[in-house]
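Between the sequences and the hints, there should be enough to build the whole structure, so can you do that?
This note's numbering applies: residue 15 is where the sequence shown begins, and numbers increase by one.
I should point out that these hints are in silico values taken from the structure, not numbers from a laboratory.
Predicted, not measured: the structure shown is a model, and the values here were computed from it.
Misleading hints may appear alongside valid ones.
In silico DSSO-like links for lysine-lysine, alpha-carbon gap of 30 Å or less [what the hints assert, rightly or not]:
1) 705 to 693
2) 713 to 692
3) 754 to 705
4) 146 to 115
5) 614 to 660
6) 549 to 693
7) 754 to 696
8) 624 to 696
9) 705 to 660
10) 614 to 668
11) 549 to 713
12) 549 to 254
13) 624 to 692
14) 668 to 692
15) 549 to 660
16) 668 to 754
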Amino acid sequence: MKNSPEESPKFPVEARIALIFSIVLILISTVQLIYRYYLPTEGWLLFTTDTFEHPDWLFHENLVDTSSDMQLDDVIIGVNSVSIQGRATDAWVQPPPEWQKGAVVNFEVVRAGEHLSIHAPIVQWTGSAILKNLWIQPEIAVGFVSSLIMLVLGTYTVLQQPETPAARSLLVFTAIFFAMSISNLVPIGISVQFDSSAFFASAFFSFLIFPILLAPSILNFTILFPQPNPLMIRYPFISKLPYMIGASVGVLLLFPAIPTQIGWFATMGMIILSLVSLLHSVFSIKDRLSETQLRLAISGLILGLSLMLLVFPAASEWVADAIIAQLLGAGFYVGFAIITISFSIAILRFHLFEIDLFIHNALVYSLLSGMSIGIYFLVVSYLGFLFRAEGENWQALIATGVVALVFAPLHTKLRSLVSRFVYGDRDQPYIALTNLGLHLEMTADLSSSLALAVESIAKSLKVPYVGLQLFGNDNVQNTIEYGPFQNETSSFPLMHRGEPVGNLMIASRNPKEPLTTPDKRLLTDLARQLSATAKAAILATDLDAARLRLVREETETRRTLGRDIHDGIGHRLVALARSIENPATMFNGTPEEISELLNKIHVEVLQITKQVRDIAHQLYPPELELLGLVDALRERTQDDQALVVKVDSPQELKPFLSNTPEEATLYFIALEALTNVKKHSKATLCMIEFKIENTNPAKIIMLITDNGQGFQHEKTTGMGLLTMKARAADVGGRTQIQTKLGSGTSITVTIPLSNNPK
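Written out as structure tokens, the structure is:
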């Protein structure tokens, strides 16, 4: 059941606290960002090495393009004789009087072991400088965009499911990361050493936030996601333990004697515990629906948190090289981007937290494509940055170009995966057609093949519903469906040799988003490929119905014959046997009485003989054996007054048909056709023609035509035509019917011959 603040009079206190905390934290981060933006600054991008207590400030890039003699990896140790080393934990120092916008100050630097004094102006941050910083450090932009998307999803989730603990925890986690991402937009430079507010703000959002808030929020979320276990429900305070641990670490870090590494180790430990909790969730999920919804989210969390752990070797002094440290730090933001992608897909596509949020697929595609471009840009920029740090400019330019070319196919593949996730195989029609063909060939049962094909189309195109309508001879539509029925669908006709055989019905991926032109083009091709199999399935169904009718008719004929023999011939023979069982009684009378009795016996024997002959005619017409097919048909139809029947054969058929199954089949098909002509066509003339086709094997062709009124073949409801087709199919033949209203009917029966005198 979905709840919202408007629908429920009681919005849980926990949800309100989560919303208020998130808003306040983001506002604080925004305010301190604005404050640092307007501080006087040198305008440089600086990296730090060594420890947080005693950092070395390494020059990397001049972001405001002012003139100075600074070079890459120059170590800044002081400003106008004021040392800036070791100031991270010694709070702040008073800035030199010259530290004002527009002034020129003297920076003491160490370059390759040599102490130098370099003059540079003091400026103020500009928008172009911030953009340049994002260009050099694209992971900051990736983190900001990813956290913004997650913040929107987290807020919407809480508003829809305020009573769900995992939803509230997700909002807090994403708000903390977003606040940290906001702070990172303005580089931390030397100016923070000369301002207490800027110093504490940068210290909190660049370091203290990790062990105090970020890691505890991650652990809290993972132990509550997807649902709290019974122990959490019984003892709710357990879910608060991560924040208690974070607060304890924060208190310890206030003491100068405590090394700052304890904060990184605490953060790393809580993230590792988060991974353990997620792995436990993977193996404890039992509900298939939950498994479908959560597999992607949990996989993204595991991969993302694993990449986020890469920041700790650099932060804990295990990696001394500044460039490698920056590259490892980028893994932190890439990991969060992966979490964002996985949760976006889980919420938007699989309705995680039971949220039914309709967002245009084009928007989802654009967001995911943008993220793929960002990841590609991040990889190329950082590897190019690494080459630039280790070589000449022209060598770095060539190396960066090579990196871009090498990773371009990977980027193309990633974009293709995004397109396939959102739109299925729409942009790869060959794959869709191949998959459809494989499913049609997978099983000999045509109905099962079509069911597999329908499922394949639904999964390939990522649509919720696919239906395949088959038009039967009785105009009743048999529908094969995959997915829940949708009221609004697009229909694509299935045509076979100009005859409509069905419809392919497709529901759009989103009720507010119709199928696109590429979708319709691909579905038209798929419908064309399906039409032949659909026609074959219809014919197979018709033949099965006809065969069933033949079996029923044969069963009924056997029942009738058994009843006639038992009740008719059997009773008469019993009565006759009783009449002659006692010769003394039989001949004990006058000659007239004996003669009358013998006459009765004679008449009874003749009637029994006639009845036996009639039964034999029903089993197999003896005229076929005596006269042959052509003459048997002529004798059968010569006394018909209402219909003139002409039977013609240009060559002798007996060598080919004598006493064969094909002869009886043609005979009964012809009689069935004549019955239909008399009942329905209002014809006055019917022609039956035979010819032998000397192929390998030889074939006999029977053509039956009439001058009647014809009929609409696709709308016929009779079983006579189906019976004729079934009889021909039983001996390996086929039946073709050509007719239209007002033009008579032509039936062509082609049967291979088992007896070929040649």
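Hints, one by one, checked against the model:
Of the pairs offered as hints, the one joining residue 705 and residue 693 holds, with about 27 Å between alpha carbons and a cut-off of 30 Å not exceeded. For the hint linking residue 713 to residue 692, the alpha-carbon distance of about 28 Å falls within 30 Å, and the restraint holds. With a C-alpha separation of about 25 Å, the suggested pairing of residue 754 with residue 705 holds against the 30 Å cut-off. Between residue 146 and residue 115 the alpha-carbon distance is near 20 Å, which keeps this suggested pair within the 30 Å criterion.
Restraint check for residue 614 and residue 660: the C-alpha separation of about 43 Å exceeds 30 Å, so the hint is violated. Of the pairs offered as hints, the one joining residue 549 and residue 693 holds, with about 29 Å between alpha carbons and a cut-off of 30 Å not exceeded. Only pairs whose Cα atoms come within 30 Å are accepted, and residue 754 paired with residue 696 is accepted, the gap being roughly 14 Å. Pair hint residue 624 plus residue 696 does not hold up; C-alpha atoms about 34 Å apart against a cutoff of 30 Å.
Distance check on the hinted pair: residue 705 and residue 660 sit about 15 Å apart at the alpha-carbon level, within 30 Å; holds. With a C-alpha separation of about 42 Å, the suggested pairing of residue 614 with residue 668 is violated against the 30 Å cut-off. Proposed proximity of residue 549 and residue 713 is supported: the alpha carbons are some 25 Å apart, at most 30 Å. Under the criterion of a C-alpha separation no larger than 30 Å, the hint pairing residue 549 with residue 254 is inconsistent with the structure, at around 65 Å.
As the CA atoms of residue 624 and residue 692 are separated by approximately 28 Å, the hinted pair is consistent with the 30 Å bound. Simply put, residue 668 and residue 692 have alpha-carbon atoms about 28 Å apart, close enough for the 30 Å limit, and the pair holds. Restraint check for residue 549 and residue 660: the C-alpha separation of about 35 Å exceeds 30 Å, so the hint is violated. Distance restraint check for residue 668 and residue 754: the Cα-Cα separation of roughly 34 Å exceeds the 30 Å cut-off, and the hinted pair is therefore not satisfied.
Checked against the numbered hints above, the structure breaks hints 5, 8, 10, 12, 15, 16 and satisfies the rest.
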